[in-house]
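Number of protein chains: 2
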Amino acid sequence: MTIFTANTKTEILNYLKKQAPHAKIHFNDQVAQEHSANGKAQSDIQGEILAYVAVGDIEDIRGVLKTARQFHLPIVPQTADTSTVIGADGIDGSIILSVARLNHIKELSPEDSLAVVEPGVINQDLDQAARKQGMFYAPDPASKPISSIGGNVSTNAGGMSGVKYGATKDNILGLKVMLADGRELSLGGRTLKQAFGYNLTQLFIGSEGTLGIITEITVRLRSLPLGDAITGIAFFKDMTALAGGVKQLRLSGLNFSMLEALDGKTVQALDKYEQTNYAKSATSSMLIFGFDDASGSEKAVVEKILQDNQAWGVQITSDKAQAQQLIKLRQDMLPAVFEQSKYYIMEDMAVPLSKLAEMTDYITKVAEEQKVDIYTAGHAGDGNLHPSLLWNDQPEAPDNVKTAVRLLFRKTLSLGGTISGEHAVGMSKNQWTVEELGNDVDQIQHQIKNLFDPLGILNPKRKIN
Amino acid sequence: MTIFTANTKTEILNYLKKQAPHAKIHFNDQVAQEHSANGKAQSDIQGEILAYVAVGDIEDIRGVLKTARQFHLPIVPQTADTSTVIGADGIDGSIILSVARLNHIKELSPEDSLAVVEPGVINQDLDQAARKQGMFYAPDPASKPISSIGGNVSTNAGGMSGVKYGATKDNILGLKVMLADGRELSLGGRTLKQAFGYNLTQLFIGSEGTLGIITEITVRLRSLPLGDAITGIAFFKDMTALAGGVKQLRLSGLNFSMLEALDGKTVQALDKYEQTNYAKSATSSMLIFGFDDASGSEKAVVEKILQDNQAWGVQITSDKAQAQQLIKLRQDMLPAVFEQSKYYIMEDMAVPLSKLAEMTDYITKVAEEQKVDIYTAGHAGDGNLHPSLLWNDQPEAPDNVKTAVRLLFRKTLSLGGTISGEHAVGMSKNQWTVEELGNDVDQIQHQIKNLFDPLGILNPKRKIN
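In order, the protein sequences belong to chains A and E.
If you're matching positions, the first sequence starts at 1 in full-length UniProt numbering and goes up one per residue.
If you're matching positions, the second sequence starts at 1 in full-length UniProt numbering and goes up one per residue.
So here's chain A without its partners, still in its complex pose (with noise of 0.2 Å):
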């Protein structure tokens, strides 16, 4: 970092601990720097970062934003930085905020089927905190375990449970934000029902930091449902033949809470991975699904659709232990797949539900064709897929990988889709804005942006070009 003198590094260091006294500050040293890359696989490091802040309240998170405006520094908010897009990584000469301390699970409510957090508290916590009192919090990112609620927001994160409960966005009844000026601004509310302003608490939701620093956040709870809960598992021939079960799994009435699918390579990773046997050939593909508020109606209706679909190796249970082995097949699905190869991208894009099996055709003819191997998984009944793309040798992407990555964005934008589902933009893929969204929606984007943040200093660079 070449930016800033060692005086003006020294002048920005005590400004920076008289604005925030309560915050712990790391001045070039081994903790800043794990936060300025945080040892992702994506080569692609943004430099040396100046600071690494984290705030021990919200006078801490106004003084790191003052000492950016006095310095023309940039912010990098950061929480669980479990980002998979390159959305919470330093940039050279940054200050990475870390709101990671406030960690606090203000008010939980069954009453007002609500809880109020502090943007660090970790996803898993929240929900556990609300099951002991009959209640839950329904986004369940595969991150559940080592995401904040912050993150979530911020990158309107989505998981298993969206074929029911939606995605963050659809969870968040209001937030506090703080904008780059200092103001701390309360959108939303306490109420199921708002019908007030401009909807500006769901402009927040996915911003990325690009917009404010969340510093508050409503949830929407749940009361646990009283129904069984059925969880189950088949196989077929191929994604193909998968995505037509889908389909008739949906159009059926069921009310599924989770529709999860693995295509046949990540179905043979698993079965090395757990010593299994399920793979009855190099395509077999595995559909997981589950309600979580039974009837007991369901098992019949779904038996004969799978069977119609020339499905096997059915198993439908309502035990629970039995039903926690089924879902460790879909959590142990990325550890397993990872093992295959020293480094790998797992991608995001969601196709309307009826191109769910030409998209997956296509994933299959680009790994063929660009000799790369991918292992695909996806929330089918969201039409939401994440095929990983995996190489050995460097850890720079090369080049077939890269125009993998490329035809798929294409594809997935041709079928009517969006090449993020769930994941968010960072920098990953805010260079494909305007093939996304169009010019006159880029140019937008870039005057929001402006009106939040005029002097361009959180998280540049993410999200928008």
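What the hints contain is simulated information worked out from the structure, not anything from laboratory work.
Because the structure is a prediction, the values reported are computed rather than measured.
One or more hints might be untrue.
One copy or two, it doesn't matter: identical chains are merged, so the pair holds either way.
With a straight-line Cα cutoff of 27 Å, these simulated DSS-like cross-link-like pairs (lysine-lysine) come out [said to hold, decoys possible]:
id, residue 1, residue 2
1, K164, K132
2, K247, K132
3, K164, K17
4, K24, K461
5, K106, K247
6, K304, K328
Place chain E on chain A using the hints.
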């Protein structure tokens, strides 16, 4: 209207005809007058409009906007004109831009769980078309038979099913909107999950025609549930007791699709209207509840909770005809109440669920102290109340009614509620913006308005101040 000379009017008319060749244009005639005020009970008519323009296609909309820019004319977007907050009536010297003729369902795709519609499609028409294909459109405002999807989107309309399926905002996947400058934006899309751009779709939902003209809507459809429909009613000694019951019903884990409350005065009006005899006393309050996907276990759970809360007159049925009779009580509520008096205001506010009893108690207190006839019904499961204030003698609301409304709004805000749950803001409530949202949010709303509509021609004086 004294703003324009006769010559200028002619010039504008000729320009308009050229720019919007497929529009039906009404200048100074009966049709124009009808759409200017539309016989609302509110006496504050906003002056004489310049023209009523029912566009025939998207290019006409662009032409009307061009005309508005050319002559600096206010545009009032209108569809079915069912606003309850003076949101779509004419303003002095304005052009009413009606999209009512754009009422085609362009696509209805069960496979993609969506429909693409023009803004003038009536909510009920869409829902009925969907049901023919095994799907349904969830949001069901009381105005369902007469209000349009475009208007529902513009106001973020709610309804009885909101307790299960949310408001309009929770059922929209994408929008096309035309900005004041004639650019048409595509927002959102056809996928169930989206995490790419800023959520401009949600920014436009509920924006009441102040940011752009909605030209196309992609709504989410759902498969008709397999379970039975169950409908029931129960009576409580007063709204406080009813609110206690609702709290327990909500916490039970049962997934209600309807949870409606009518207070004692409303039940008495209904008894008169229906020639029934439900009211045991002047405070006897009625709960109407339902499930659209029952498993069979609901009845016992509900009955137990109702019994624990001293409810009486419990009827629970899965018979369609009987259910229709019960739902009819809710549907007849408005005519039953409004025939009690000559003039009325129906208000709309939402409070956190735990504050329902306190709010209904306060409404009773205000009615007594201010000597105002108030009938309260509401979507109890959402904390959303509709007190109707009635009076006779003069069209203009008398002082005690105005005072009562003001007191109810202040109380709502003090309880952490919103003074617009599902009817939007219009001109009836925009003077409350700072009190509800604060100065900073008010300022940002103006900045956003200015970004999208720098000339201020789109529905001026509505939603924001």
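*When no copy is named, should K247 and K132 be tagged within, between, both, or neither for a Cα gap of at most 27 Å?*
Answer is between; shortest inter-copy Cα gap is 18 Å, intra-copy 36 Å.
**Message:** For K164 and K132, with the copy left unspecified, which applies at a CA distance of at most 27 Å: within, between, both, or neither?
**Reply:** For K164 and K132, the Cα distance is within 27 Å both inside one copy (22 Å) and across copies (23 Å).
Report task. Up to 27 Å between alpha-carbons, please classify K304 paired with K328: within, between, both or neither. Result -> within (25 Å within a copy, 38 Å between copies)
As a check of your reading, is K164 near K17 (CA-CA no more than 27 Å) within one copy, between copies, both or neither?
This pair counts as neither: shortest intra-copy Cα distance 46 Å, inter-copy 49 Å.
### Query
Within a copy, between copies, both or neither: where do K24 and K461 come within 27 Å Cα-Cα?
within (26 Å within a copy, 48 Å between copies)
(message) If the cut is 27 Å between Cα atoms, do K106 and K247 qualify within a copy, between copies, both or neither?
(response) For K106 and K247, only the inter-copy Cα distance (22 Å) is at most 27 Å; the intra-copy one is 42 Å.
Checked against the numbered hints above, the structure violates only hint 3.
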